[in-house]
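What follows is the residue order along each chain.
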Amino acid sequence: EAGVAQSPRYKIIEKRQSVAFWCNPISGHATLYWYQQILGQGPKLLIQFQNNGVVDDSQLPKDRFSAERLKGVDSTLKIQPAKLEDSAVYLCASSWQGSDTQYFGPGTRLTVL
Amino acid sequence: GDSVTQMEGPVTLSEEAFLTINCTYTATGYPSLFWYVQYPGEGLQLLLKATKADDKGSNKGFEATYRKETTSFHLEKGSVQVSDSAVYFCALSGLTGGGNKLTFGTGTQLKVEL
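One line per chain: the protein sequences are W and L, in this order. Take any residue in the first sequence, note its place counting from 1, add 45, and you have its number in our numbering. Take any residue in the second sequence, note its place counting from 1, add 64, and you have its number in our numbering.
These are calculated hints, taken from the structure and not from any lab test. Even glycine gets a Cβ: it sits at the ideal position worked out from N, Cα and C. A portion of the hints provided could be inaccurate.
[Stated by the list, open to error] Covered by chain L, according to a simulated footprint, are these stretches of chain W (three or more residues, beta-carbon under 8 Å): (1) 89-103; (2) 144-153.
[What the hints assert, rightly or not] No farther apart than 30 Å at their CA atoms in a straight line, the calculated lysine-lysine pairs in the DSBU-like style are these: (3) W:K56 with W:K123; (4) W:K89 with W:K116; (5) W:K60 with L:K120; (6) W:K107 with W:K123; (7) L:K175 with W:K89; (8) L:K120 with W:K89; (9) W:K89 with L:K113; (10) L:K124 with L:K113; (11) L:K116 with L:K132; (12) W:K107 with W:K89; (13) L:K141 with L:K175; (14) W:K56 with W:K116; (15) L:K116 with L:K141; (16) W:K89 with L:K124; (17) W:K60 with W:K123; (18) L:K116 with W:K89; (19) L:K141 with W:K89; (20) L:K132 with L:K120; (21) W:K56 with L:K175.
The whole structure should be built from the sequences, with the hints applied where relevant.
See the structure below:
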């Protein structure tokens, strides 16, 4: 089966610019996650969706980050405006509803100059 | 809150050496435990998991046993290969607002040399 797809793979922007990332989960997976992985650290959960509803966004910096999953399938994560400290790899993952096993996409590496 | 502590890297081994990467955790309840592997330029791949005390997860020659009494989930492999060079992440799954949240350690880089 196809894995989790993400695009773009790489993005370089200047601070205060906006950026958006896209994720397509494994077919049938109701739960979708966005993680931020800063260099040298483990991934940290930003937001979790169940179908098109938000389950947990407690770690999402809502003044600049937003995410949506309008039809319960694809999702986009946006940063506006970006800061230098947002440089990281943004990972999307998905799982079957109720499962604790998550499958990760290849990630988007964001560099903010 | 939940947390995972891994041994710091990099760990450098010769091919065919024995590997141990230590992982301990702090969590409420009875989480599932995972090892994920990240090869250069790629996303995380699930390596193995264990869902309850004394369970042993295994895959591709790697194994780890869920030890509740020592809150540990150490990763082991009897004979590493150059192709095992990657970053290994220990993680636990805890409930959050009705969902399952993974809490990761900081990762341990493994370098295997000929």
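For each hint, the structure was consulted:
no., hint, verdict
1, 89-103, "holds (count 7)"
2, 144-153, "holds (count 9)"
3, W:K56 with W:K123, "holds, 13 Å"
4, W:K89 with W:K116, "holds, 25 Å"
5, W:K60 with L:K120, "violated, 46 Å"
6, W:K107 with W:K123, "holds, 10 Å"
7, L:K175 with W:K89, "holds, 24 Å"
8, L:K120 with W:K89, "holds, 26 Å"
9, W:K89 with L:K113, "holds, 19 Å"
10, L:K124 with L:K113, "holds, 13 Å"
11, L:K116 with L:K132, "holds, 8 Å"
12, W:K107 with W:K89, "holds, 15 Å"
13, L:K141 with L:K175, "holds, 14 Å"
14, W:K56 with W:K116, "holds, 26 Å"
15, L:K116 with L:K141, "holds, 21 Å"
16, W:K89 with L:K124, "holds, 27 Å"
17, W:K60 with W:K123, "holds, 14 Å"
18, L:K116 with W:K89, "holds, 24 Å"
19, L:K141 with W:K89, "holds, 27 Å"
20, L:K132 with L:K120, "holds, 12 Å"
21, W:K56 with L:K175, "holds, 28 Å"
In summary, the one numbered hint that this structure violates is 5.
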